[in-house]
Structure formats: C-alpha cells, structure tokens
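Trainee: When you get a sec, could you build the whole thing from the sequences and use the hints?
Given next are the chains, with one letter for each unit.
2 protein chains.
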Amino acid sequence: MEGANCPIPNKHNEQIILGHGSGGKLTQDLIRDFFFPSFENQILAGFNDSGIIEWGNLSEEYQNCIHRIAISTDNHVVWPLFFRGGDIGRLSICGTVNDLAMVGAIPLYLTAGFILEEGLSIHTLENIIASMKDAALEAGIEIIAGDTKVVEKGKADCIYINTSGFGVIRDNIDISGANAKPGDKVLVSGTIGDHGIAVLEARGELGFVSDIHSDISPLNELVSNILNVSKNVHSMRDPTRGGLATALNEIAKQSNVCIEIDEIYIPVNPAVNSACEMLGFDPLYIANEGKMIIIVAPQDTDVVIDCLHSHKYGKDAAIIGEVTAEPAGKLLMRTSIGSRRVVTTLSGELLPRIC
Amino acid sequence: MEGANCPIPNKHNEQIILGHGSGGKLTQDLIRDFFFPSFENQILAGFNDSGIIEWGNLSEEYQNCIHRIAISTDNHVVWPLFFRGGDIGRLSICGTVNDLAMVGAIPLYLTAGFILEEGLSIHTLENIIASMKDAALEAGIEIIAGDTKVVEKGKADCIYINTSGFGVIRDNIDISGANAKPGDKVLVSGTIGDHGIAVLEARGELGFVSDIHSDISPLNELVSNILNVSKNVHSMRDPTRGGLATALNEIAKQSNVCIEIDEIYIPVNPAVNSACEMLGFDPLYIANEGKMIIIVAPQDTDVVIDCLHSHKYGKDAAIIGEVTAEPAGKLLMRTSIGSRRVVTTLSGELLPRIC
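Protein chains in written order, with the working numbering: chain V, 3 to 357; chain H, 3 to 357.
Any copy will do: because identical chains look the same in the list, a pair fits if it lies in one copy or spans two.
As a list, the in silico DMTMM-like pairs of lysine to aspartate or glutamate whose alpha-carbon atoms are at most 20 Å apart:
1. 155 to 120
2. 135 to 42
3. 183 to 328
Everything labelled a hint here was simulated from the structure, so no lab data went into it.
Mentor: So this is what it looks like as structure tokens:
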C-alpha cells in the first residue's frame with residue numbers, strides 16, 4: 003500500500019536535515035516554502051511569537067452571545083503515516099476539531115507543532131501538509147501558529163504532529179460528559195471500528211485485503227446542525243482511542259448513570275466485523291476518528307436522528323441504547339442472544355499508535 | 003551529571019508501557035495519579051474533550067479592556083532532559099509563556115501534550131511533571147487540557163512535550179516584530195548564551211566543568227512590569243533557537259529597518275565566553291530561554307532599563323544598540339576593535355535539540 007512504510011528518500015528527493023529545526027535560515031525557508039503557502043492567513047502572516055485573534059471581531063460576529071472559549075490539544079503519532087481513507091495530516095486537523103466540537107464549541111483556530119525525524123522526505127511532508135490544508139478548509143478553521151522541531155534519525159518515526167484548538171461556545175449550549183440523565187437516548191453517528199481496522203490493514207497486519215476506509219472526518223458541521231435542531235443534547239463524545247466502550251464508560255462515570263446499549267443496534271461495517279472476528283478484537287474497543295456519540299433527551303431523538311441521516315457523516319447513525327439510573331457508572335450491553343453483560347473500559351493496549 | 007543520560011528504569015521502578023497511551027484504563031490511571039494532582043484546577047477537572055474558559059469572567063476581570071487573544075504553540079525536544087538550571091518540564095512551561103509574553107499578552111492557560119517513549123521511568127516523568135507544576139505556579143498559569151501518547155521504544159527519546167498557550171492582550175498594547183522604528187533603542191534583559199552552554203555541558207560536550215546554569219525563566223511578570231512603566235515598547239522577542247543574532251535579524255526584516263548593536267555592550271557570562279571560544283561558537287547564535295530583546299522609543303529607555311534592573315530576571319540588562327533606517331533588513335555589529343560587520347541569521351544547525 004502506498005506510503006505504508008516510512009518513505010525512504012532517494013537521491014532525487016530532498017530530505018529534512020537537523021538544520022531545518024535550528025530556528026535559523028533553514029527553518030525560515032521551510033516555513034516560507036511549505037507551511038505559509040498552505041496555511042496562509044492574516045494571523046499567521048503576522049510572524050510573531052504568538053498568533054493574535056481579534057476577539058472584538060469575533061464577539062461581534064457572534065452577537066455577544068459567546069462567553070466561553072474551548073481549548074484542546076492532541077498529539078498525533080499514527081503509524082503508518084498514510085492509510086486508506088486518510089493520513090496523519092487529515093487526522094491531526096480532524097482530531098482537534100472534533101475535540102472542540104464535542105463540547106459544543108465552534109472550532110475556529112488551530113496551532114500546529116511538528117516533530118520531524120532527520121531524513122524525512124520533503125515530498126512526504128508536502129503530502130501531509132496538503133492533507134492538513136484540505137482538512138482545514140473542509141472544517142472551516144485556520145492554523146494561526148506553528149512550531150517545527152527536528153530530532154536525529156532514530157529519535158522519532160518520520161513525523162509527529164501536535165494540534166491545539168480554539169473554539170467558542172454559544173451561551174445557550176451546555177454539553178458535557180457529566181450531563182447524561184436517566185431516560186436519555188444514546189445515539190452513534192455511524193459504523194464503528196473503521197479507522198482502527200483501516201490502519202491495521204495499512205500495517206499489513208490484517209492478513210487479507212479489505213476495502214475498509216478510515217472514517218477520519220471533521221464533525222463540526224454535523225454538530226452545528228444537531229445543535230440547531232435540538233436544545234436537549236446533553237453529552238457528545240468522539241469514541242477515538244479506546245473505542246465506543248471506553249467513551250461510553252467515561253460518560254457513565256462522569257454523569258453517575260448507567261448506560262445500556264443493544265448489541266444488535268450498533269452499526270458495524272461487515273468487513274470490520276469479519277476482521278475483528280479473525281483477529282479476536284471487539285469492535286467496541288476499536289478507534290474511530292469520524293464518529294460521535296450523542297446523548298439526547300428522549301423527546302428530541304427523532305429530530306436528531308433525522309439531522310444525522312441527512313448529513314454525509316451521519317447517514318448510518320443509529321439509536322443504540324438509553325441512559326438508566328442503576329447501576330451507576332456502568333456500561334451494560336444486551337447481547338444478540340438476549341443476555342446482559344457489563345462492558346468495561348479498555349484495559350491494556352489494543353492497537354498502539356492508532357491516532 | 004544527574005539525568006544527563008536517559009534514565010534507565012531498574013526493576014524497582016515502574017515504567018511507561020504502551021498501554022499508558024491506549025486511551026483506556028491505564029491512560030486514565032496515569033492522568034489520575036500523575037497529571038491531575040499536579041495540574042489540578044476547575045477547568046481540567048471538567049474531564050471533557052476540551053477545557054472550557056469562562057470568557058465572561060475574564061472580560062470582567064480585565065474590565066472590558068481586552069479584545070485580542072494570543073495563541074502560541076511549542077514542541078520541546080531538549081536533550082538531555084535534565085541539566086543545570088532546568089529540565090524539559092520547566093522549559094515546556096516557560097517556552098510557551100514567553101512566546102505569549104513577547105506579543106504583550108498576559109499568559110493565562112496552557113495545554114500540555116506528551117509523547118512518551120515506552121520504557122520511560124515513571125520516576126523521571128514524576129520529576130518532569132513536578133518541574134512543570136513549579137514553573138506553572140511561578141508563571142501564574144493553569145494547564146487546562148492535555149493529551150498523552152506512548153510510542154514504541156526507539157521511536158522517541160524518553161519524552162517530548164508540546165505546550166500551547168492562551169493569553170489576553172490589553173487594548174492599549176501594540177507589540178510586534180514589525181514595529182521597530184529608526185531611533186529606537188535595543189535592549190537585552192541579561193547575559194546571552196547561558197541556556198545553550200548549560201545544555202551542552204550536560205551532554206558532556208564541553209570538555210571542562212563550568213558552573214553555567216540555564217536561564218530558563220518565565221518572563222511574563224517582567225514584561226508586565228515593563229509595559230506598566232512604558233507605553234512606547236515597540237518590539238519584544240525572546241532569542242531562543244538561533245540566538246540573539248537570529249531574533250534581531252527577524253525584527254530588522256519584519257520592521258524593514260537596520261539594527262546596529264555594539265559588541266562591547268552585549269552581556270555575556272565570562273564562562274559562556276570561554277566555552278564559546280574553546281568550541282568555536284559565537285554567543286550571538288547560542289540559545290536563551292529566559293532572556294528578551296526589548297526595542298523601545300528612546301525617551302523611555304531609562305525607565306525600561308530601571309524596571310529591568312529591579313527584577314531578578316532583568317538585573318543584567320543592557321542597552322546594546324539602536325535602530326536606524328539603512329541598510330534596511332540588516333543587523334550590523336560594531337566590534338570591540340571598532341569595525342562594523344553584518345551579522346546574519348543562523349544558517350545550518352549549531353546545537354540540535356537545544357529546546
């Protein structure tokens with residue numbers, strides 16, 4: 003698969019050298035030639051130690067209905083760098099955009115911090131940056147500050163990317179993992195496990211060829227649509243590392259409620275199911291990068307599901323369960339054969355460097 | 003020197019394993035046992051996908067005189083992790099605090115993103131976190147969001163830390179690398195090169211034993227004091243990677259002015275000078291982590307120098323030159339023997355992984 007292995011620069015390719023991280027001329031060349039053309043915007047062009055946001059303009063834009071700011075950070079160390087449906091560049095934008103969206107924020111600005119391994123091919127870096135640019139455009143965010151460090155060959159794995167995000171939360175929004183209430187419905191925006199299995203396939207660890215694509219997507223537009231049709235969304239979370247089971251466990255504990263889900267309603271791509279069966283994995287623990295859990299008051303379930311189904315990133319959404327009072331802090335699953343079992347948080351490591 | 007080499011965990015030490023980056027139970031344990039106790043605050047305790055800042059409270063605190071927000075990001079890959087005068091933890095806080103302070107912002111919140119190498123001793127991580135906590139307290143900032151990833155042994159170098167920062171800029175402040183004007187005076191807040199040489203010594207590359215301490219310090223209080231006594235500070239920059247020469251070149255280019263400095267006025271610790279002479283380095287290019295350049299209108303030079311001298315991080319401050327019109331974009335230095343030469347931006351790499 004293209005790019006599944008660390009691209010080895012040949013004599014025709016330029017490579018990253020330690021000098022690109024010196025802070026001097028070579029760093030400036032890298033910024034001028036690669037980062038600026040892709041991420042160009044007025045704030046970045048200020049070329050100061052920090053990007054400066056004109057809050058005055060923002061608050062006008064949002065008509066003084068914003069008094070909260072959301073801030074998040076995420077390191078991206080996925081391996082391999084490229085896989086079917088995405089790459090570390092798209093992941094680095096969507097991961098942080100989604101973290102902001104999950105607290106009901108409108109993502110506006112991201113920072114990008116690169117750790118490059120000496121010897122990384124410039125061509126690979128260009129492809130990753132192009133992918134970041136596309137994802138940033140799709141998500142409607144701007145990259146307003148950055149940093150590049152270079153470490154010696156063997157001290158990283160081609161490239162690691164940190165993105166940190168800045169978003170604003172409208173005053174009438176109150177979304178938190180602590181807000182789930184008994185009676186609420188539990189929705190998931192689509193099939194689970196696609197990202198983890200796509201990455202595993204790119205590693206050559208699947209043992210067969212599938213057409214599974216990673217689901218990496220920016221969910222902020224979908225979230226915005228949902229919050230426009232319902233004022234009764236209580237919790238949202240994107241089930242990334244640790245998968246659906248871990249994210250639902252977190253909400254059950256934070257809200258001190260029980261979450262009960264039905265195995266038969268959980269959407270899983272048949273190819274993902276087959277892969278999981280062969281490898282002995284449970285799709286409930288496999289990472290997703292373009293899916294979200296929505297916990298909503300029962301009277302709004304239909305409008306939210308309709309809203310999900312009308313968006314490309316929510317077309318396979320399903321109601322998978324509900325919130326109950328007891329046993330508090332637990333995730334229960336009714337299995338396809340009718341029994342009920344406790345589903346715990348992921349313990350140990352399933353798939354290292356999945357995001 | 004203690005900690006100069008990657009601490010090798012022995013059987014009595016707990017180590018970081020891949021599961022600590024799973025997003026599941028082990029990640030939660032790490033956060034609960036190590037990060038939360040050190041970085042505890044109300045926002046972090048929300049335990050959501052993003053930290054949420056109550057802007058309403060902020061804007062009241064600053065009496066509606068704030069309409070701009072500063073955002074910055076920095077990866078820290080310094081090697082070794084510990085050296086005389088500091089470590090990667092203190093660096094990771096001060097680096098980003100100073101980037102915010104250099105645009106005249108009041109730093110308020112940081113995020114922290116960790117990339118840990120499998121096998122890192124938990125004891126080492128504890129020491130680094132403790133150092134971050136101390137520096138955060140000194141700088142008066144809070145860490146409100148975080149992320150931890152673990153990569154396989156040999157895919158990082160113990161620990162890399164990204165911090166991203168959020169600060170606010172009062173309305174009457176306008177500091178930029180583009181604001182230097184002919185006639186302005188050029189000040190530096192203290193001796194240059196201490197950080198770079200201290201790290202070099204910790205690497206065992208100095209060839210003799212010195213008592214040089216890294217200058218890693220949060221400069222936000224000093225900046226606040228300066229901006230209280232002068233409304234005519236035009237540019238500030240911390241000369242980190244690339245050193246004083248590179249930072250002054252950046253300002254000369256951004257402001258389209260010439261900066262002329264006098265070699266004899268540039269404060270250099272004699273031990274740093276000796277080390278540079280032995281190693282063939284120029285202190286003008288050596289990294290600093292607790293120093294700043296201030297470019298100020300001539301009538302305010304005295305109040306700013308007095309203000310610097312009254313603060314522990316500015317006691318060795320000096321006026322080192324002035325801004326002229328021509329040749330625009332250049333840094334000139336009058337040498338100790340009276341000649342004048344152009345000093346360029348650092349080209350190539352002097353000291354990899356210095357910050």
